[in-house]
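Trainee: Per my numbering, residue 27 is the first one in the sequence shown, and the count goes up by one each step.
Errors might be hidden in some of the hints.
Stated by the list, open to error - Cβ-Cβ distance ranges computed for the label pairs, FRET-style:
1) M152 with A89: 17 to 23 angstroms
2) G56 with A83: 17 to 23 angstroms
3) P115 with E66: 16 to 22 angstroms
What the hints assert, rightly or not - Once the Cα atoms are required to be at most 20 angstroms apart in a straight line, the calculated EDC-like pairs of lysine to aspartate or glutamate come out as:
4) K61 with D108
5) K61 with D86
6) K61 with D51
7) K122 with D132
8) K122 with E159
9) K102 with D164
10) K102 with D42
11) K122 with D150
12) K122 with E149
13) K102 with E66
14) K102 with D51
For the record, the hints were derived by calculation from the structure and aren't laboratory data. It should be emphasised that the depicted structure is a prediction, and the values quoted were computed from it without experimental measurement. All residues carry an ideal CB built from backbone N, CA and C; glycine is no exception.
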Amino acid sequence: MTNLSAIMRALDINHDSTAWQRTVDITTIGARSGKPRRIEIWFHHIYGRWYLSSTPARRDWYANLVANPQFTFHLKHGIHADLRATAIPITEPAQKRPIFEYIVDDFNQPHNPAIVRQPQRVEDWMAGSPLMEIIFTDLPSPMRTND
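Working from the sequences, and respecting the hints, build out all of it.
Mentor: Dropping the structure here:
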């Protein structure tokens, strides 16, 4: 594995992180095709855990991860590393709300780090945004999120 401390720095994003720092690629396995699908997406580091989400809409990447939760998380800014990971769907409103509140608060900052239309609304995200927790299987146990 590539330098662990550099990987952890790349994963340690926060409210001050730029869109560039938040952007990764993921490779999923197509839910219907069974073929690898690579896309660019933002990730989030919230309360010591990592998540994938997107603005409200139906997303193929989410369907792919529901069908095949193992995927590859590709760091590509500052360090290049391919991390094996497992996705866990977050579907309960009580679990989703604090995460979406954090994301929406982050996206609504005056400097607009995610370069999205503002203002974003938590209720819109609750109604239509997919949410997955990321469990990195390549990281040492204390750095995983679901132990």
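Trainee: Now look at each hint and say whether the structure bears it out.
Mentor: So, going through the hints one by one against the coordinates:
no.	hint	verdict
1	M152 with A89: 17 to 23 angstroms	holds, 19 angstroms
2	G56 with A83: 17 to 23 angstroms	holds, 18 angstroms
3	P115 with E66: 16 to 22 angstroms	holds, 21 angstroms
4	K61 with D108	holds, 18 angstroms
5	K61 with D86	holds, 13 angstroms
6	K61 with D51	holds, 16 angstroms
7	K122 with D132	holds, 15 angstroms
8	K122 with E159	holds, 10 angstroms
9	K102 with D164	holds, 17 angstroms
10	K102 with D42	holds, 19 angstroms
11	K122 with D150	holds, 12 angstroms
12	K122 with E149	holds, 11 angstroms
13	K102 with E66	holds, 10 angstroms
14	K102 with D51	holds, 8 angstroms
Checked against the numbered hints given earlier, the structure satisfies every one of them.
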